[in-house]
Structure formats: structure tokens, C-alpha cells
Amino acid sequence: MSSRLEWKKLGRSVSFVYYQQSLQGDFKYRAEMIDFSIRIKNVTRNDAGKYRCEISAPSKKGQNLEEDTVTLEVLVAPAVPSCNVPSSALSGTVVELRCHDKEGNPAPEYTWFKDGVNLLENPRRGPQSSNSSYTMNTKSGTLQFNAVSKLDSGEYFCEAHNSVGRRRCHAKRMQVDDLNIRGIIAAVVGVAFVISVCGLGVCYAQRKGYFSRNGNTAVNKTDQITLCLTELTLKKMDNTHKCKLCSLSDCHSIMAKTKAGEVILHLKPPQ
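Just add 1 to the spot in the sequence shown (first one is 1) and you have my numbering.
Since the hints were derived computationally from the structure, they do not count as laboratory data. Computed from a predicted model, the values in this text were never measured in an experiment. Mixed in with the good hints there might be a few duds.
Stated by the list, open to error - Below 20 Å or equal to it, Euclidean Cα-Cα: the simulated PhoX-like pairs (lysine-lysine) are:
| # | residue 1 | residue 2 |
| --- | --- | --- |
| 1 | Lys62 | Lys9 |
| 2 | Lys151 | Lys173 |
| 3 | Lys42 | Lys103 |
| 4 | Lys29 | Lys61 |
| 5 | Lys42 | Lys9 |
| 6 | Lys10 | Lys42 |
| 7 | Lys115 | Lys173 |
| 8 | Lys29 | Lys9 |
| 9 | Lys42 | Lys29 |
Put together the whole structure using the sequences plus the hints.
And the structure:
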């Protein structure tokens with residue numbers, strides 16, 4: 002009767018479960034003591050871990066201490082797994098279907114179904130081995146087709162299962178089609194034809210001088226005045242050797258031509 006009992010939960014930090022003859026924390030409302038044992042109700046995954054029981058009692062030689070460690074493993078059934086099934090695929094390509102669950106403990110294993118029929122882990126053991134070329138990993142939940150064919154089209158779903166329970170995802174359809182070679186060739190020919198027509202149109206426009214005419218119109222009135230004044234002030238000098246400003250009327254006409262991508266202006270003085 003003079004002994005002292007303590008229960009502790011071990012981890013990154015040690016927390017008391019039973020201390021000074023009373024339950025601690027949330028264990029007050031969902032646990033009970035039976036002699037030196039503790040019964041936990043409504044166990045969750047957070048309760049998993051290592052627990053240590055410590056008992057000390059006086060003796061003739063002094064205080065006697067004994068302890069023992071118990072590991073609690075909480076078993077959890079899988080939740081609905083997440084299934085990744087492509088909606089379409091090309092015949093002859095490599096296709097991988099993935100299935101995964103985060104809740105199950107112990108870690109679940111996975112099984113794939115096609116049109117409601119269980120796919121074997123080794124397709125060579127089945128009656129349709131000649132038409133099957135896939136690899137199933139029951140641990141990781143992957144189903145890989147090395148060279149998918151049109152016969153592999155159908156509805157697929159995955160089942161995750163462990164010792165506690167099993168859950169399935171919703172079925173998803175995968176459609177396998179052959180590569181449309183004729184369509185690809187027709188598209189390539191069409192694009193090449195459009196590029197050829199555009200190239201011929203550009204060459205024709207250059208020969209007709211459409212690009213050059215558009216470039217000549219870029220010289221505005223202000224540029225014409227400036228060029229005219231610059232040309233005339235270099236030539237018109239009075240006796241005092243001072244430049245006389247001339248107006249636009251001093252230039253009778255301005256003609257613009259193109260040569261090697263440059264604009265050449267020919268000024269005609271007034272008569």
C-alpha cells in the first residue's frame with residue numbers, strides 16, 4: 002500500500018499519464034486504472050508510442066524501483082485511396098496508374114481491378130497472358146503497362162487493404178487509341194503549304210516594290226524642310242559670309258528614291 006505508481010508516455014518529450022494517484026491530461030476523460038494497469042478508451046493514432054510504468058516501494062534495504070516499457074501500436078483501416086488513372090493513352094506507349102493511401106496502419110497493400118475483375122500481380126499466370134503486358138507493385142500501388150494496347154481500354158479502380166479493413170476508389174475509364182499517322186501527315190503537309198504560299202507572297206511584294214513605297218512615305222514634311230534648309234544654307238553665302246536662312250519656298254521640289262535600304266534625296270533649286 003505504500004508503493005508509488007507512475008505511467009509516462011515516451012517520445013520527444015516525456016509526458017505523464019498517471020501521476021500522484023490521478024490520470025493526467027485528456028486521459029482523465031477516456032482512461033481508467035485497474036490496479037496497476039491502465040485502460041485507454043477511444044484510442045486514436047496519437048496514442049501510439051511507448052509507455053513506461055514505474056513502481057517504487059520501500060524495503061529493508063531502502064527504496065526499491067522497478068520499471069517496464071510497453072509499446073502501443075494503433076491499427077487503422079485504410080481510407081479511400083487516391084487513384085491516378087489517365088483518361089486517354091496512345092497505343093504502344095508506357096502508361097502508369099498510381100494508387101496511394103495515407104491513413105492505414107499497418108501500411109496497406111494494393112490491388113488493381115479492370116472492369117470489376119481482379120488483375121493478377123503476375124499477368125503470365127492468367128488466361129489472358131498473351132494480351133497483357135503490365136507490372137503491378139502491391140507495395141507501392143503502381144500498375145505499369147510496358148506497351149499499352151487497345152485491349153487495355155476499360156474502367157480501372159484500386160483497393161487498399163490491411164489487417165483492419167479495405168477501401169476502394171471510384172472507377173475511372175482509360176481509353177487507348179492508335180496513333181493517327183494519316184492525320185499527322187495531312188497536318189504537316191497543310192502547314193508546309195501555308196508557309197510556301199506566305200513566302201511566295203512576300204517575294205512577289207518585294208519585287209513589285211510595295212515595301213519600298215511604304216518606306217518612302219515615312220519622310221514627313223518636317224524632315225523635308227530640315228533637309229532643304231540644310232542643303233541651301235551650305236551654298237547660299239552673302240558677302241559677309243553669313244548663312245542666310247531659306248524657307249521651304251527656296252526648294253522647288255524634293256524627290257526621294259531608295260537604294261540599298263537608304264533614302265537618297267535630290268534637291269532641285271528654284272529656277
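Structure versus earlier hints, numbers of those that do not hold, lowest first: 1, 3, 4
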